[in-house]
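**Q** Below are the chains, spelled out letter by letter.
4 protein chains.
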Amino acid sequence: MPTKKELLQRPIQHIDIKQHNVVALVDAMKDMAYSSRDTGRAADIYEMMLRDTDCGVILCLAGSLISAGLQKIFVDLIRNNMVDAVVSTGANIVDQDFFEALGFNHYVAGDEYKYGAGDADLRELMIDRIYDTFIDEEELRICDETTHQITNSLEPRPYSSREFIREMGAYLSKNGKTPQAGGRDSIVLAAYEKNVPIFCPAFSDCSAGFGLVAHQHARQGKPHVSIDSAKDFYEITQLKIANPTTGLLMIGGGVPKNFAQDIVVAADILGVDASMHKYAIQITVADARDGALSGSTLKEASSWGKVDLTYEQMVFSEATIALPLIAGYAFHKNAQAARKGKSWTQILDQVPVTA
Amino acid sequence: MPTKKELLQRPIQHIDIKQHNVVALVDAMKDMAYSSRDTGRAADIYEMMLRDTDCGVILCLAGSLISAGLQKIFVDLIRNNMVDAVVSTGANIVDQDFFEALGFNHYVAGDEYKYGAGDADLRELMIDRIYDTFIDEEELRICDETTHQITNSLEPRPYSSREFIREMGAYLSKNGKTPQAGGRDSIVLAAYEKNVPIFCPAFSDCSAGFGLVAHQHARQGKPHVSIDSAKDFYEITQLKIANPTTGLLMIGGGVPKNFAQDIVVAADILGVDASMHKYAIQITVADARDGALSGSTLKEASSWGKVDLTYEQMVFSEATIALPLIAGYAFHKNAQAARKGKSWTQILDQVPVTA
Amino acid sequence: MPTKKELLQRPIQHIDIKQHNVVALVDAMKDMAYSSRDTGRAADIYEMMLRDTDCGVILCLAGSLISAGLQKIFVDLIRNNMVDAVVSTGANIVDQDFFEALGFNHYVAGDEYKYGAGDADLRELMIDRIYDTFIDEEELRICDETTHQITNSLEPRPYSSREFIREMGAYLSKNGKTPQAGGRDSIVLAAYEKNVPIFCPAFSDCSAGFGLVAHQHARQGKPHVSIDSAKDFYEITQLKIANPTTGLLMIGGGVPKNFAQDIVVAADILGVDASMHKYAIQITVADARDGALSGSTLKEASSWGKVDLTYEQMVFSEATIALPLIAGYAFHKNAQAARKGKSWTQILDQVPVTA
Amino acid sequence: MPTKKELLQRPIQHIDIKQHNVVALVDAMKDMAYSSRDTGRAADIYEMMLRDTDCGVILCLAGSLISAGLQKIFVDLIRNNMVDAVVSTGANIVDQDFFEALGFNHYVAGDEYKYGAGDADLRELMIDRIYDTFIDEEELRICDETTHQITNSLEPRPYSSREFIREMGAYLSKNGKTPQAGGRDSIVLAAYEKNVPIFCPAFSDCSAGFGLVAHQHARQGKPHVSIDSAKDFYEITQLKIANPTTGLLMIGGGVPKNFAQDIVVAADILGVDASMHKYAIQITVADARDGALSGSTLKEASSWGKVDLTYEQMVFSEATIALPLIAGYAFHKNAQAARKGKSWTQILDQVPVTA
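Residue numbers (this note's numbering), protein chains in the order written: chain P, 1 to 355; chain X, 1 to 355; chain W, 1 to 355; chain H, 1 to 355.
Careful: at least some of the hints might be erroneous.
Pairs count within a copy or across copies, as identical chains cannot be separated in the list.
Taking lysine-lysine and the DSBU-like style, the derived pairs with C-alpha atoms no more than 30 Å apart in a straight line are [to be verified]:
{"id": "1", "residue 1": "Lys18", "residue 2": "Lys340"}
{"id": "2", "residue 1": "Lys174", "residue 2": "Lys72"}
{"id": "3", "residue 1": "Lys30", "residue 2": "Lys18"}
{"id": "4", "residue 1": "Lys72", "residue 2": "Lys340"}
{"id": "5", "residue 1": "Lys30", "residue 2": "Lys333"}
{"id": "6", "residue 1": "Lys72", "residue 2": "Lys333"}
{"id": "7", "residue 1": "Lys4", "residue 2": "Lys30"}
{"id": "8", "residue 1": "Lys340", "residue 2": "Lys194"}
{"id": "9", "residue 1": "Lys30", "residue 2": "Lys5"}
{"id": "10", "residue 1": "Lys194", "residue 2": "Lys18"}
{"id": "11", "residue 1": "Lys72", "residue 2": "Lys194"}
{"id": "12", "residue 1": "Lys174", "residue 2": "Lys222"}
{"id": "13", "residue 1": "Lys72", "residue 2": "Lys4"}
{"id": "14", "residue 1": "Lys174", "residue 2": "Lys340"}
{"id": "15", "residue 1": "Lys18", "residue 2": "Lys174"}
{"id": "16", "residue 1": "Lys30", "residue 2": "Lys72"}
{"id": "17", "residue 1": "Lys72", "residue 2": "Lys18"}
Treat the hints as calculated values from the structure; they're not laboratory data.
Given these sequences and hints, build the entire structure.
**A** What follows is the structure in structure tokens.
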């Protein structure tokens, strides 16, 4: 059996789309068939979405994307005004992005571990596995503990996940976890600095959940921090109302996809005749045929009045291949040239806070 | 174009496993290969889980399962002490189960609608589509409005989704939405009556979310109801601590799978040396190869210390085919004979409530 | 490392649809959603196809189906006049069905072998693996050698695979490999006795190919047996011309699906205005989205003029689960009551043989 | 309903890997996860395979690849000595490559046709559909007719598909279907000129099958051309014996994958102790979990003694995305620098021809 040190040797490296001009390659794909043509059309739609400066771009993240080497893409999109809000699973934002922001890494696992042959050994070594990737569980416990500290530092009241994640950004900023201080850039930090709100509608379902449980347990009935998921929904609906033209760039499906699509209906319920999402792209390997939302087509969402049919594209591909092409295409065509940051956090700071 | 009435003619009928003795069929599958053998082994594990009367059975639901005709299976499992807690997406519990409890139906859609060819027409008619199934959006709005009323009737404070869903059960009970009063049985009602807690860790991501947003909007800064997702996590962890032997019956993946698996770690963080889930079954069509949790194998979960390797089985099948076989097998072998209801809600009623 | 004997202990058992009346179960599935409803509709179409006594039913087999425990279903369909011709990959017919007819078995492999962890050990033990199933390679070599002997016994000329497989049936009949002689029933034997032609359009791509290569090698330029794949296509086209109403029951895709669909066009090329296949069912897990034929929908085939749109159904399910339901449904509804064997081999015996 | 002319307006364009240097992009993928890392490793293995000048590279093609815009990649691989033999489904070689060589095109279909909504209209217009691609059926009939003419021009005897396809190459060369004569390059032509053998083990299952059926029908018992699939297997086995070090570059699975893997066993049966394939790459979207060969892992093939475990890589991706990266990587690293054409056809010309 190899040692823990031997197994955790080769860190995942995040791809830098700025280094790879894929414009000609993606242009060539547009006249082919199947996923390449879909990728080409998705790249066109993302470009359109960005050139439409009225459009607020909502990035949705499901699946283990940061651990897979896609972190820098999302950081670059935020820093270049190519994303105005993020809706994500908790794992991507806390267990993976914030975790790396604290200085930790994900590691390449050998092919022989992919299908579970070594899992009993890994358990003994406290190495967690995500398909072909390793994590040091002891480092993950430090991440849990950090969210616990942040929770304890807050005034007891209900918070949206967005407010809580903003505090995580402030923590990184104050504690020298920034490129300027020799640390690394991260989604949580970039979003904090650029006033890009991040929502995790199932926020307790991640490393932060462990911190929150420990916090509430210690308080035993005394006033404590809570995470109000209804407030998340209310806040993001306010953004739709304030900025009616919207587009979705979705990686994976799940709760983030559903949550972001639903804000059209929620605005309607608040008495605002909101337009459907004007642009929508989803990259996924999920299958439509079990009826689950993750693989449901964007045409199906149009029957619900959530997504407009004109500029929508599903790309059936694993994201580590398709996203560098789509995001890289828009970046190298400089689609973001005329965009300014929407600083949506500032709109949300005016939503009343209630105990 | 057909009329709305013509399109909404043939209601989805829920399969009744009590009517179909599949024991011999499933026994025959055990000596075959691929998904049939996996189905056979999953049925064996579910039987074992139930005969182990110490075992608390947690049912996890993701995907559109109630709209697909599986509601009665879950109701029967609850009423026969074959499930002790439920973790679900909001859509299954509110938009689909509670919706049908209010007297509404899902409808069979013609094959020609499956791939989106009629979605523009459906939009006009206010018919929502889930793959091959239709919903009357006007009826869904009544469901949203009902959750709004329930929210307004509550004392303003943070609630776990479990507490809120219990109020939904009380609403059904009080308002004659029961078989005794001529209504139909439902998961929310059965769980209410049997003291089976239901958790929706992303609770605002459904019809109830619309009711909550409307409520919070109307309150404009005044005290209001909030949904504390950390409290959900805290509560379910208490169950793991109170009842250390646990088994998971998972349909689909997503947030419910992750949330239920995580309670082992959460108990550990509260200082309790919790055992891994002793039994675990997952029925899914998701693919392991994109690294997303929904399709990740249960062996992978064992590297995280969440699931024991001895009695775990993935069944790669669409649930409407595999679940009637697995649940029906255990039922007709009378695996539940010695089980009594664990009434887990009563444990949770002792968790302190904090404003 | 376990011994070979320890690993080859538990033979695959073929499911017997005659023992499982699934009519009520499948009827219940018709009002559900997703794959269950598709399975229900496929069962209806198979029933219709059989009650239409004019209809010649062509069974197409791709994937490792016999090794998976489905052999007896196909034998029963042939013996009960529910199949009039078979188009298959060579592996199903020779390496698996004829192999079992010779007295050998496939074996259940432990779950831990599924993903390849033990393949190096298996290689050493001469055990071949098909996903979760084992084969004794030494027994497979005996099967190769038997086809070699059969080849050597034939008059040197081009044969259709259909003619060759008929000789394999004769071999079984003459050599006591029949239930009457204490052996087991098989597809090759049942088809021989019922005059049901079997075509393997890629016949050298299996155990028989090894026998043929050995034969041709030994002949070194002298007259020898050859396999004329054009003759296969010619023969099956004659069947379409002689019996215009046809239906397809397809398990998997690949060459068998394409070959059987193509006979409509081939008849047209011979100057006969052939009707499209009137009924078509395909059970598959393949995906339409890579454009490959295996997962292409039957609607797509209708654009080619091969399959009529009225009675076609794709069932996206692994076959070991779906086929017992579909075939068992038709059998227990006695849809075959009025059918007589079409004895299509007799039509083909009139096709001229040319050196 | 649009006219045929309106629908067939935008020809599929074949991607030119020579124009896209993807080396840095693929290098970046090697330190990521999931399919990107697999793609990176597959590119490394293809590079290794080419730098090993002893290695005979066998390209296997299944799925509709030429119609999808991948034709030029295969032509470039052949012309640059990066492929020494081809094993393919008939459709890729005859209906698609030879078809384009005759001057015809495949066409981009609008997204609204993908799921079959317009298939009845297409049928009327004689437009055939492959998922998102159109073909003019009248042009396809000219292709069928051309193979009929070629068949009629041959001396009556059994041919391997390899011999027949070589005659198709000669036809293109003689009839001005070459770049020099103002035509276009094609796989069939390039292989003819470079002495690269092409095998279609299920040769009658394509447009050539129609020509052969028409030929045999017209001959009515007189001597005619036949296609000896056993001879195909014998010939390719001779190549393995003459050139023991081999590598497989497989796009899709099906018959080509099985056939190419089997030659190791066939050589053994001829008394030659052949080594396993030293290198193997497969790009596929197929699933391992139905036990079918198309998605079976290369580890599984190692249990059969067909593929060595050291340098094998599955890439779970649709080929139009992954192949330009893998083939382009090897090309731009100039891995082919020291390779000379193996001209394998010349070995096969010495295999005795028998009537």
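**Q** Using 30 Å as the alpha-carbon threshold, which applies to Lys174 and Lys222: within, between, both, or neither?
**A** Intra 28 Å, inter 33 Å, cutoff 30 Å: intra-copy only.
**Q** When Cα atoms must be at most 30 Å apart, do Lys72 and Lys194 count as within-copy, between-copy, both, or neither?
**A** The answer is within: 15 Å in one copy meets 30 Å, while 45 Å across copies does not.
**Q** Treating 30 Å as the Cα threshold, decide for Lys18 and Lys174: within, between, both or neither.
**A** within (28 Å within a copy, 50 Å between copies)
**Q** For Lys72 vs Lys18, is the C-alpha pair at or below 30 Å within one copy, between two copies, both, or neither?
**A** Both, since 10 Å and 29 Å are each at most 30 Å.
**Q** First find the shortest C-alpha distance between Lys30 and Lys5 inside one copy, then the shortest across copies, and answer within, between, both or neither for a cut-off of 30 Å.
**A** between (45 Å within a copy, 21 Å between copies)
**Q** At most 30 Å between alpha carbons: which applies to Lys18 and Lys340, within, between, both or neither?
**A** within (19 Å within a copy, 38 Å between copies)
**Q** At most 30 Å between alpha carbons: which applies to Lys4 and Lys30, within, between, both or neither?
**A** So Lys4 and Lys30 pass the 30 Å test across copies only (22 Å; inside, 46 Å).
**Q** With identical chains, the pair Lys72 and Lys333 could be close in the same copy or across copies; at 30 Å between alpha carbons, which is it: within, between, both, or neither?
**A** both (19 Å within a copy, 26 Å between copies)
**Q** Within, between, both or neither: how does the pair Lys72, Lys340 come out at a Cα-Cα threshold of 30 Å?
**A** Within one copy only: 20 Å inside a chain, 42 Å across chains, cut-off 30 Å.
**Q** Which holds for Lys174 with Lys340 at a C-alpha limit of 30 Å: within a copy, between copies, both or neither?
**A** within (26 Å within a copy, 54 Å between copies)
**Q** Cα distance capped at 30 Å. Does Lys30 pair with Lys333 within a copy, between copies, both, or neither?
**A** So Lys30 and Lys333 pass the 30 Å test inside a copy (15 Å) and across (25 Å) alike.
**Q** Please sort Lys30 with Lys18 into within, between, both or neither, judging by C-alpha distance up to 30 Å.
**A** Both, since 22 Å and 17 Å are each at most 30 Å.
Taken one by one, the earlier hints all hold for this structure without exception.
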